[in-house]
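K.L.:
As a plain string of letters, each chain reads:
2 protein chains.
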Amino acid sequence: MKRTALFILTASLCCAAVAQGFQREQFPEGSYSPVTNINPGSYPRVLADRSVMFRVNAPQAQMVQIDLCGKKYDMQKGQNGVWTVTTAPQVEGFHYYSLVVDGVSTADPASRTFYGCSRWSSAIEIPEKGMDDFEIQDVPHGQVRMVDYFSKVENAWRPLWIYTPAGYDETDTQYPVVYIQHGGGEDHRGWIEQGRTAQIMDNLIAAGKAVPMIVVCSNSNVRAQGMRAGGGYSWQGMQTFRTEMVDNIIPFVEKTFRVKKDRKSRAMCGLSMGGGQSFYIGLRDPEVFANVGVFSTGMFGGIAGAANFDLETEVPGMISDTKNFNKTFDVFFLSCGEQDPRISYTRDIVAKMRDAGVDVRFNSYPGDHEWQVWRKSLHEFAQYLFK
Amino acid sequence: MKRTALFILTASLCCAAVAQGFQREQFPEGSYSPVTNINPGSYPRVLADRSVMFRVNAPQAQMVQIDLCGKKYDMQKGQNGVWTVTTAPQVEGFHYYSLVVDGVSTADPASRTFYGCSRWSSAIEIPEKGMDDFEIQDVPHGQVRMVDYFSKVENAWRPLWIYTPAGYDETDTQYPVVYIQHGGGEDHRGWIEQGRTAQIMDNLIAAGKAVPMIVVCSNSNVRAQGMRAGGGYSWQGMQTFRTEMVDNIIPFVEKTFRVKKDRKSRAMCGLSMGGGQSFYIGLRDPEVFANVGVFSTGMFGGIAGAANFDLETEVPGMISDTKNFNKTFDVFFLSCGEQDPRISYTRDIVAKMRDAGVDVRFNSYPGDHEWQVWRKSLHEFAQYLFK
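Listed in order, the protein sequences are those of chains A and B.
Just so you know, our numbering puts 330 at position 302 of the first sequence, and the rest follows in order with no gaps.
Just so you know, our numbering puts 156 at position 128 of the second sequence, and the rest follows in order with no gaps.
If you're looking for bench data, these hints aren't it; they were derived computationally from the structure.
Beta carbons: idealized from backbone N, C-alpha and C, even for Gly.
Fair warning: there could be bad hints in the mix.
Said to hold, decoys possible - Short derived list, chain A residues pointing at chain B, Cβ under 8 angstroms: (1) 86; (2) 87; (3) 132; (4) 167; (5) 168; (6) 171; (7) 172; (8) 173; (9) 201; (10) 204; (11) 371.
Here chain A stands alone, though its shape is the one from the complex (with noise of 0.2 angstroms):
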């Protein structure tokens, strides 16, 4: 089968694939290609340090530079034209990044992409140590199930990433759900791509710590009649999003499922803007939920800080009826990124909160505004629902 070379060749060159970075060589001692790469044993490289180094083909380019998680690190050209950078030591976890070519920040064709930062970003995932709940492990498995259901809203079909615990096929239960929100710039396919929901539940409820449960990832980007875009904290961005969720997607998935239709068997959970649509949607409305995760989100006080923020005036009864709040609620749970500008304000919040008697349960671990904090935030929710 000699022409298969010339077959292959052709069918590349086709598509203008050119795989970078593929050379064979003496790799930095202790360094590894991470899962994210397109090539095994290629770059980036994660180093011993957990720094990052990059290497990119561009000998036509003036200037090339790798922008993670927002700090740009600028390439230096060597031989044969190739670019090359070794970044500062990274925290461990999941991180953006865009290859930026002379001034224009595109993906990078070496890594996997990922939908983030409102367009399909570059990403580099490094492993933390310990954290095996949020790997494949030889556990029942659940599946994570493609739909569509009818937007009257969008009067458009719009797709649910919905996972379905083990066992789901081979009895007759009824399981509790989490709505689960993504953050802003991203989509319904962040929580199961980036924050390995299917992995983090599988193996919680493999352990018996967290029961089976269904959890529903939609896209809360949702734009009524006349809006130009959806999503955003705006006051009718959280209102659009309120109708989608209670009069389409909560009906589609207890239509769809085998799922329990009481108060207390739906939670709604998510991070940053899914965060403060949590918040917003899941304590106005009681008679849908009793059970809220608000990870990092931007509502309490704005990146600026200032936290005029007045809970009263968003959960009506909150601190004028904690008692009846604290009943309505089982579960309210409120997290953050140690080194997210978010977390002073959070911290303030939840003062006023427990100062009025609210029963918030809150936690924050080490980490920016990015998804290890929001996987480590969905992993401890996971375990105080549905019991």
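Given the coordinates of chain A, assemble chain B onto it according to the supplied hints.
P.N.:
Showing chain B alone in chain A's frame:
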């Protein structure tokens, strides 16, 4: 909620998300932004004659090009460093493309990316009038399920994306199964994301043109111990994937899903490299498969043309005992694009088969080596199966 604007701004800067071409301006009359765009109402735009207008903001770049299916278009620098180009009219369907900035071939932040060409590639979808079966319709919908199976060949967990037809959860029916393969430089996502398999099957089944069936999308780039890369047309690549399919994938599917387990209820098909695998594995394993579809494969002659491919050598008995071959296989289907370099030797091989009395169905469709041809191939093949 004034803080919102500030928050969103900061959040998006934080990951350098600069969605391109979001200027509100006059668009060419009759033009539209394809579903593959990140921002509806932006660039790239498909014009009335199906040429595509690209627009990229790159003030510091020396040269910006669009590589659309292997043809490079130089963009022209205009006001404020915005580069533009309009391509030749394109055939309808799905086209991979790359944004080339000063010689570096990257993904375009303006478009959605798909795994193809051995990387995450930008793409543009130009819908074909009348091909409603490729779109989501208001009919009963199946589900696409992401699952993981353990490969003893790679000694690792590997993904499957599996289409289950509408009604799977509501009945005890056992379904026949199609094992469908992607092309070189693609993976298990291809037939769902680029190929529209779920929409094609939903619509055919709802119209009574195809029987309800399960479709299993696997990643055929299987790397055995010591192999540097998986897949390919080589003897070892074919043998390795045959082992994976017969010993790992099929047993997992038959253990996990409600499927019929006889050979007449199994089909194998694929495109390009996957067509070669279907020909080689499907036809040489009559005890496993009774239905085989081969779309646009290079196996019959290599891109260069000379068809020294010997049918009797590759499939012992096909020519020497044609009567038995015809009795063995319920469906044997070949297809190719009419502008695909593979069309001539595909027609030659079909003629050879028919001269020998082989019962082979063949069809060709307008188009080169591209997804619109493969969508139509599945659309036709599926209607022949399991009847």
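K.L.:
Take the shortest C-beta to C-beta distance between residue 201 of chain A and chain B; is it under 8 angstroms?
P.N.:
Result: violated, 13 angstroms to nearest chain B Cβ.
K.L.:
Going by Cβ atoms only, is residue 204 of chain A closer than 8 angstroms to chain B?
P.N.:
18 angstroms, violated
K.L.:
Given residue 172 of chain A as an interface hint, is its Cβ closer than 8 angstroms to any Cβ of chain B?
P.N.:
4 angstroms, holds
K.L.:
Can residue 87 of chain A be said to touch chain B, with a Cβ gap under 8 angstroms?
P.N.:
Since the shortest Cβ distance to chain B is 6 angstroms, the answer is holds.
K.L.:
So, residue 167 of chain A near chain B? Judge it on the closest CB pair being under 8 angstroms.
P.N.:
11 angstroms, violated
K.L.:
Tell me if residue 171 of chain A is really an interface residue toward chain B, meaning its C-beta lies closer than 8 angstroms to one of theirs.
P.N.:
5 angstroms, holds
K.L.:
Restraint: residue 132 of chain A near chain B, CB-CB cut 8 angstroms. Satisfied or not?
P.N.:
5 angstroms, holds
K.L.:
Does the nearest C-beta of chain B fall within a distance shorter than 8 angstroms of the C-beta of residue 86 of chain A?
P.N.:
OK, holds: residue 86 of chain A within 8 angstroms of chain B, min 5 angstroms.
K.L.:
Hey, does the residue 371 of chain A contact hint survive, CB to chain B under 8 angstroms?
P.N.:
Because about 15 angstroms separates residue 371 of chain A from the closest Cβ in chain B, which is outside the 8 angstroms limit, the hint is violated.
K.L.:
Taking the closest Cβ pair, is residue 173 of chain A under 8 angstroms from chain B?
P.N.:
5 angstroms, holds
K.L.:
Answer holds if the nearest beta-carbon of chain B is closer than 8 angstroms to that of residue 168 of chain A; otherwise answer violated.
P.N.:
11 angstroms, violated
This entry does not satisfy hints 4, 5, 9, 10, 11, going by the numbered hints stated previously.
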